[in-house]
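**Q** So the protein sequences, as listed, match chains A and B. When the letters of the first sequence are read in order and numbered with the working numbering, they come out as residues 1 to 278. When the letters of the second sequence are read in order and numbered with the working numbering, they come out as residues 1 to 237.
Be careful, since some hints might not be right.
Stated by the list, open to error - With a straight-line Cα cutoff of 27 Å, these simulated DSSO-like cross-link-like pairs (lysine-lysine) come out:
{"id": "1", "chain 1": "A", "residue 1": "K266", "chain 2": "B", "residue 2": "K195"}
{"id": "2", "chain 1": "B", "residue 1": "K31", "chain 2": "A", "residue 2": "K266"}
{"id": "3", "chain 1": "B", "residue 1": "K6", "chain 2": "A", "residue 2": "K266"}
{"id": "4", "chain 1": "A", "residue 1": "K43", "chain 2": "B", "residue 2": "K17"}
{"id": "5", "chain 1": "B", "residue 1": "K17", "chain 2": "B", "residue 2": "K3"}
{"id": "6", "chain 1": "B", "residue 1": "K3", "chain 2": "A", "residue 2": "K256"}
{"id": "7", "chain 1": "A", "residue 1": "K44", "chain 2": "B", "residue 2": "K31"}
{"id": "8", "chain 1": "A", "residue 1": "K39", "chain 2": "B", "residue 2": "K31"}
{"id": "9", "chain 1": "A", "residue 1": "K43", "chain 2": "B", "residue 2": "K6"}
{"id": "10", "chain 1": "B", "residue 1": "K17", "chain 2": "A", "residue 2": "K44"}
Keep in mind that the hints were calculated from the coordinates and are not lab data.
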Amino acid sequence: MAILPRLGRRPEAPPAESPDIPGVLKRGGNGEGPSGFDKEALKKGAAEVPISVAGWLEERLGQTPALKHTLFRRVPGHDWTYTLGFAVLIAFMSQAVTGVFLAMYYDPSPTQAYASAAFITNELFLGEFVRGMHRWGSTVMIVLIFLHMAQTFFYGAYKYPREMNWLIGVILVTLTLAMGLTGYLLPFDQRSFWATIVAVNLNGTGPIIGPYLGDFLRGGADFNAITISRFYAIHMLLIPGLMIALIGAHLYLVTKLGTTAPPWVKARKRRELAKEEI
Amino acid sequence: MNKREKERYLREYGMIKDETGHPFFPYTVYKDGIMACVVVGVIILMSILFGAELGPKADPTTTTYTPRPEWYFFFLFELLRVVKPPELVILATIGIPTICLILLILLPFIDRSAERHPLKRPVALVAGITTIGAMAYLTILGAVAGAPTEIELPVAAQYQEGKEVTASAGCLACHQFGENGNSGPGPALTNIGAKLPRQAIERTLLNPTAPMPSYQSLQTQDPEAFDQMVDFLASLK
Ligand code: HEM
Chain A
1 MAILPRLGRR PEAPPAESPD IPGVLKRGGN GEGPSGFDKE ALKKGAAEVP
51 ISVAGWLEER LGQTPALKHT LFRRVPGHDW TYTLGFAVLI AFMSQAVTGV
101 FLAMYYDPSP TQAYASAAFI TNELFLGEFV RGMHRWGSTV MIVLIFLHMA
151 QTFFYGAYKY PREMNWLIGV ILVTLTLAMG LTGYLLPFDQ RSFWATIVAV
201 NLNGTGPIIG PYLGDFLRGG ADFNAITISR FYAIHMLLIP GLMIALIGAH
251 LYLVTKLGTT APPWVKARKR RELAKEEI
Chain B
1 MNKREKERYL REYGMIKDET GHPFFPYTVY KDGIMACVVV GVIILMSILF
51 GAELGPKADP TTTTYTPRPE WYFFFLFELL RVVKPPELVI LATIGIPTIC
101 LILLILLPFI DRSAERHPLK RPVALVAGIT TIGAMAYLTI LGAVAGAPTE
151 IELPVAAQYQ EGKEVTASAG CLACHQFGEN GNSGPGPALT NIGAKLPRQA
201 IERTLLNPTA PMPSYQSLQT QDPEAFDQMV DFLASLK
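Construct the complete structure from the given sequences, taking the supplied hints into account.
**A** Structure, rendered in structure tokens:
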């Protein structure tokens with residue numbers, strides 16, 4: 001936090017009475033007009049963006065340690081593979097948004113499901129586009145989540161102290177695959193219907209809980225009228241709810257523990273440290 | 001990792017953060033922002049290029065369907081096909097995925113060494129690459145194994161219709177008839193008439209063992225086609 005000395009320093013002083021003047025105002029550099037395109041100045045200015053944004057926000061919101069700890073925390077130098085986790089998050093959010101729009105027109109009843117899917121695809125303005133985004137978004141999310149998992153695996157990020165984040169991640173992969181499975185039935189065309197029957201039958205072969213799981217998914221011993229609304233409720237309420245909670249925990253841990261440094265980055269001071277230990 | 005290794009890790013992590021680190025905003029946010037645009041851009045592009053196809057309406061009584069999962073389940077489906085003996089099918093469908101899941105969950109507790117560099121963790125490196133390779137291989141197998149709808153076995157004229165019903169009923173996704181169809185997860189049906197009597201075949205179709213779907217509804221909706229199919233199967237000797 002070296003570059004943000006002011007942020008952490010406020011003692012118990014009541015902010016209402018003596019509001020600190022944020023850095024951006026103190027510098028008073030903005031009144032003098034443009035001073036030409038000085039690259040150095042520009043760079044320096046860019047480096048101060050976080051400070052002035054922090055100052056601006058803090059002035060208006062009061063002391064916000066949460067903000068300081070998330071937005072302005074120090075993170076080790078990263079390569080681009082560290083953006084994969086965020087990419088998964090974006091794919092998930094895209095699924096959530098497009099899913100909400102689909103839910104406005106979709107009707108999860110055995111008689112209307114296909115008709116409503118056909119209406120979305122063929123008649124609704126931009127309907128096919130949004131359905132397409134949701135369909136291909138699932139593919140993109142699966143690819144990204146496996147890439148993210150591979151990245152954390154090969155970078156050894158599942159090791160101390162981030163084991164919990166790996167565990168949450170494993171549950172998230174399972175839930176993401178479950179989303180793919182339950183969503184596949186919903187358009188209720190031939191492909192989705194028969195693939196889902198086979199998949200549910202497969203689940204039913206599992207030991208102990210298998211038969212119950214099969215019955216739970218189908219809503220009975222056979223594929224029947226309430227199966228589709230079951231899948232719909234699982235697909236748009238149950239699993240997303242779980243996922244949002246788990247993603248929240250995942251991100252909380254990421255900010256709390258910090259992201260790893262790439263394993264080949266060593267501290268310069270390490271040599272001295274090693275000597276010290278001997 | 002023992003206590004000393006843990007402490008040392010945290011200490012070095014702190015130093016790296018001081019030496020090479022940046023504030024999250026704007027440095028990481030800028031990279032993440034670019035990545036976000038790429039992700040949304042790719043999704044939009046795929047939607048525009050490939051659209052959202054909607055096949056014919058689901059029809060439980062149909063005689064034409066191909067139980068084909070979404071591509072990212074191909075590796076599971078293919079696992080089913082690779083494992084042939086019926087006693088082992090449960091192992092393929094439930095056993096292997098469950099074992100993989102448990103291994104994944106246990107990973108941080110199995111591999112507790114302090115080393116993080118992938119090249120200095122040969123076991124993890126090989127295991128990781130092997131897993132990725134196996135999943136990619138199974139996915140590709142699943143992608144090329146089409147869903148055939150033709151049976152080329154020569155049959156007597158009175159069984160011709162039954163053959164067509166069977167060919168379009170999706171059995172080929174799981175069974176082999178002569179040269180046609182996939183060699184799993186179900187057994188080959190080329191000589192099924194010699195192995196099972198007609199009633200037993202009919203019983204199997206009405207009350208199959210999972211993962212085979214039941215054809216009860218075909219019987220109620222179109223008993224003639226159903227009987228033709230059973231006759232055809234019983235004639236395969
Ligand atoms: C909905 C799914 C997921 C979302 C939205 C998500 C999001 C994120 C984000 C934003 C980060 C921080 C940036 C980064 O290092 O990439 C992160 C880190 C991490 N994730 Fe995920 N993730 C998901 C699934 C997973 C899965 C499936 C695993 C592995 C099984 C996993 C394991 C980890 C680990 C170990 C870290 C710490 C990485 C580090 O410190 O370098 N996550 N995740």
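**Q** All the hints need checking, so say for each whether the structure fits it.
**A** Hints and how they fare:
no., hint, in the structure
1, A:K266 - B:K195, "68 Å, violated"
2, B:K31 - A:K266, "22 Å, holds"
3, B:K6 - A:K266, "16 Å, holds"
4, A:K43 - B:K17, "22 Å, holds"
5, B:K17 - B:K3, "21 Å, holds"
6, B:K3 - A:K256, "20 Å, holds"
7, A:K44 - B:K31, "20 Å, holds"
8, A:K39 - B:K31, "22 Å, holds"
9, A:K43 - B:K6, "38 Å, violated"
10, B:K17 - A:K44, "21 Å, holds"
In the structure shown, a violation is registered for the earlier hints numbered 1 and 9, in ascending order.
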